[in-house]
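Participant: Could you put together the complete structure from these sequences and hints?
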Amino acid sequence: MTHTHTERPARATGTGPSPGKDPSDEAPLGASRAERLSALAQQHGALVTLLLVAIGASIGFDTFLTGDNLENMAVSSAFLAIVALGMTFVIITGGIDLSVGSLFALGGVLGAWGSQYGTLVALLLPLAVCGLIGLVNGLLIAKARLAPFIVTLAAMLAARGILLAITDEGSNTYLVDEKSFFASLGQEKLLGVGVPVWITAALFVAGAVMLRRSRFGQYVYAVGGNEDAAALMGAPVARTKIAVYTVSGLCAGLAGALNAAWLVSGVTILGTGMELEAIAAVVIGGTLLTGGFGFISGSLVGVLLLKVIQNVINQIGSLDSAYQQVVSGAFLAVVVIAQTWLGRRRRMM
Amino acid sequence: MTELALKGAPVDRARLLRLLQDYGVYAGVAVLLLVNIALTPHFLSTENFRTQAVQVAPVLIVALGMALAIGSEGVDLSVGSVMALSTSLLSLYLGYGPWVALIVAMLGGAVIGLANGSLIAFIGVQPIVATLALMVAGRGIALVLLPQLKDVRDPGMSSLGSGDLFGVPYLVLIAAALAIAVGFTVKRTTFGRQLLAIGDSRPAAQLAGLPVRRVLILVYVIAGVLAAIAGVLATARLQASDPTSLGTLMELSAITAVVVGGTPLSGGRIRIGGTVAGAVLIQLLTATLIKHDLPPSWTQIAQAVVIVLAVYAARERGKR
Numbered sequence: 001m002t003h004t005h006t007e008r009p010a011r012a013t014g015t016g017p018s019p020g021k022d023p024s025d026e027a028p029l030g031a032s033r034a035e036r037l038s039a040l041a042q043q044h045g046a047l048v049t050l051l052l053v054a055i056g057a058s059i060g061f062d063t064f065l066t067g068d069n070l071e072n073m074a075v076s077s078a079f080l081a082i083v084a085l086g087m088t089f090v091i092i093t094g095g096i097d098l099s100v101g102s103l104f105a106l107g108g109v110l111g112a113w114g115s116q117y118g119t120l121v122a123l124l125l126p127l128a129v130c131g132l133i134g135l136v137n138g139l140l141i142a143k144a145r146l147a148p149f150i151v152t153l154a155a156m157l158a159a160r161g162i163l164l165a166i167t168d169e170g171s172n173t174y175l176v177d178e179k180s181f182f183a184s185l186g187q188e189k190l191l192g193v194g195v196p197v198w199i200t201a202a203l204f205v206a207g208a209v210m211l212r213r214s215r216f217g218q219y220v221y222a223v224g225g226n227e228d229a230a231a232l233m234g235a236p237v238a239r240t241k242i243a244v245y246t247v248s249g250l251c252a253g254l255a256g257a258l259n260a261a262w263l264v265s266g267v268t269i270l271g272t273g274m275e276l277e278a279i280a281a282v283v284i285g286g287t288l289l290t291g292g293f294g295f296i297s298g299s300l301v302g303v304l305l306l307k308v309i310q311n312v313i314n315q316i317g318s319l320d321s322a323y324q325q326v327v328s329g330a331f332l333a334v335v336v337i338a339q340t341w342l343g344r345r346r347r348m349m
Numbered sequence: 001m002t003e004l005a006l007k008g009a010p011v012d013r014a015r016l017l018r019l020l021q022d023y024g025v026y027a028g029v030a031v032l033l034l035v036n037i038a039l040t041p042h043f044l045s046t047e048n049f050r051t052q053a054v055q056v057a058p059v060l061i062v063a064l065g066m067a068l069a070i071g072s073e074g075v076d077l078s079v080g081s082v083m084a085l086s087t088s089l090l091s092l093y094l095g096y097g098p099w100v101a102l103i104v105a106m107l108g109g110a111v112i113g114l115a116n117g118s119l120i121a122f123i124g125v126q127p128i129v130a131t132l133a134l135m136v137a138g139r140g141i142a143l144v145l146l147p148q149l150k151d152v153r154d155p156g157m158s159s160l161g162s163g164d165l166f167g168v169p170y171l172v173l174i175a176a177a178l179a180i181a182v183g184f185t186v187k188r189t190t191f192g193r194q195l196l197a198i199g200d201s202r203p204a205a206q207l208a209g210l211p212v213r214r215v216l217i218l219v220y221v222i223a224g225v226l227a228a229i230a231g232v233l234a235t236a237r238l239q240a241s242d243p244t245s246l247g248t249l250m251e252l253s254a255i256t257a258v259v260v261g262g263t264p265l266s267g268g269r270i271r272i273g274g275t276v277a278g279a280v281l282i283q284l285l286t287a288t289l290i291k292h293d294l295p296p297s298w299t300q301i302a303q304a305v306v307i308v309l310a311v312y313a314a315r316e317r318g319k320r
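As given, the protein sequences belong to chains A and B, one line each in that order. Going by UniProt numbering, 109 is the number at position 109 of the first sequence; the sequence numbering is gapless. Going by UniProt numbering, 147 is the number at position 147 of the second sequence; the sequence numbering is gapless.
Hints in this document: simulated from the structure, not taken from any laboratory. Just so it is clear, the structure is predicted and the values come from calculations on it, not from any experiment. Where a beta carbon is used, it is the ideal one built from N, C-alpha and C, also for glycine. Heads up, a few of these hints could be off.
[As the list claims (entries may be wrong)] Computed spacing ranges between beta-carbons, pair by pair: (1) B:TYR23 to A:LEU135: 29 to 37 Å; (2) B:LEU309 to A:VAL334: 34 to 42 Å; (3) B:SER45 to A:LEU132: 37 to 45 Å; (4) B:GLY156 to A:ALA238: 55 to 63 Å; (5) A:ALA229 to B:LEU238: 51 to 59 Å.
Facilitator: Structure follows, in structure tokens:
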């Protein structure tokens, strides 16, 4: 049923001469239920999968549902989740940010180095530098109109270069004083839950409110939906794009700094491949890579799903950690295929 | 289509931009050569040219496949992982003889390419996402097959890696032959013309009845096989299989070579000569910085600046 529709290029791509209203495209009464179902699958598919995997894991492994394991998963998810939060904004505008892994590592090193001058410097320095790199990304994408993936790829390279330069080609690791307030931001617990988890939760609430309730959030969706239409309606397209890349840079820098506080050192080799994990989490969470549609809570579910799968693979002692990559990649492919199909069905109806 | 973008701009400026985009990379190579001849001791030696050429060969071979993908308005991020997969397969099958190992490694690249192409052509997944998925999965598979570094001791492989014909290393000869073959394919074959038409406008190509899916799948299969060949050659040169690090950031270097060489990211146009020059430019840039004792971190920053400048110079034409 679906293929016969997709064979028609004009319809599938939405360009070219309009074929006119085809009677078979008129949605019959039952179609609205199918539409609702596919919308539900797109929105909550990840959550259902997460629940199924978690139930399976808690039946299969006695160690899965222990407090230690859950707390460990939550804290290690927190850093990726903050990065994915920024990435969600970028992807909803139809862009992509490949520099976040490098910015995460850079933020960690800057945070660890800055911690000798106090917590304020340890937090503000990574935010300033990574936010600035994000701002430059945004300017090049919005003002010079360069392709997002190439700009952020260059930034990924440049940020890694800066990181190597300030750490004496990666040989110098900066340590965080374990008794400092900065270290406690990564290590302390509040009501039995790690501080990074609380910070992440607060950021997600703030991000969701910003995306759903603020004018900026409306612009983000509008730019991703149709840039030209958004511009015609008076949305500040360039400013919105610059803002989302800056937010993404800030999130990556903050996540890196918190991670350094957690590890009590700025580790230079972190963050490679993190951009992929973040993109995968956002996409698995139901945000469309074509832009214009997506939500913050989905990205959180995506992060948790990736981390639970990693945890399960770790628990199966005989499986190599290389399987994590195979499973994550296959998972991303399956989700994108499902999304493309669901998205197409919805457009058809 | 591309001329349309320049309408309204003064003719001289348009011509200047076009000249810069088409020949800027050659000028860049010439400038770097002159700078090195003037400033770098022992630059003008056969030994040095040999080293540089051998180092550029794998990057160039990967960039050739990348040029095809970019020409079809796509991109292939999985090339580095394909190199890792091919080095793993090569090590595993070397016991059956170098030819068997070579064919298996190339088949591995073809399978990843087929998966990329099918996702893109049949399901309509964006190239960047489809190849991202296989970038993650591909390196995983490579590491599952061969978890750590392994020496490659095979007379056939070591002669492939370090042997030469009339003083020209095999690696360079193979890279040159592949560049000519891909250049010919783009310029002179039906496949090449169809590929460019699809890159120019996929809906138009579809309406014109071109075999869009078949061409796209073939593009990614070729890109995969070329990346696998590059992996084999890199393994032969290093005499070791290292699936953990072989090919990391290769997608970046290949994209840079293609874009710096004047192929627009918006597809519809491929410059193989420029791609060759682009790969040489990156290599010379790296070599220049290293020879003058600048740390590797500077090379990364310099490469990033070059990418942005090249894309900026190309943007007038890239815009529709």
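Participant: In this structure, is the beta-carbon distance linking ALA229 of chain A and LEU238 of chain B contained in 51 to 59 Å?
Facilitator: Between ALA229 of chain A and LEU238 of chain B, where Cβ atoms are some 53 Å apart, the hint holds.
Participant: Quick check: does the Cβ-Cβ distance between LEU309 of chain B and VAL334 of chain A fall within 34 to 42 Å?
Facilitator: holds, 39 Å
Participant: Is it true that SER45 of chain B and LEU132 of chain A lie within 37 to 45 Å of each other by Cβ?
Facilitator: holds, 43 Å
Participant: Quick one: are GLY156 of chain B and ALA238 of chain A within 55 to 63 Å, going by C-beta?
Facilitator: Because 57 Å falls inside the window, the suggested range holds.
Participant: Could you check the hint for me, namely that TYR23 of chain B and LEU135 of chain A are 29 to 37 Å apart, CB to CB?
Facilitator: holds, 34 Å
Checked against the numbered hints given earlier, this structure breaks none of them.
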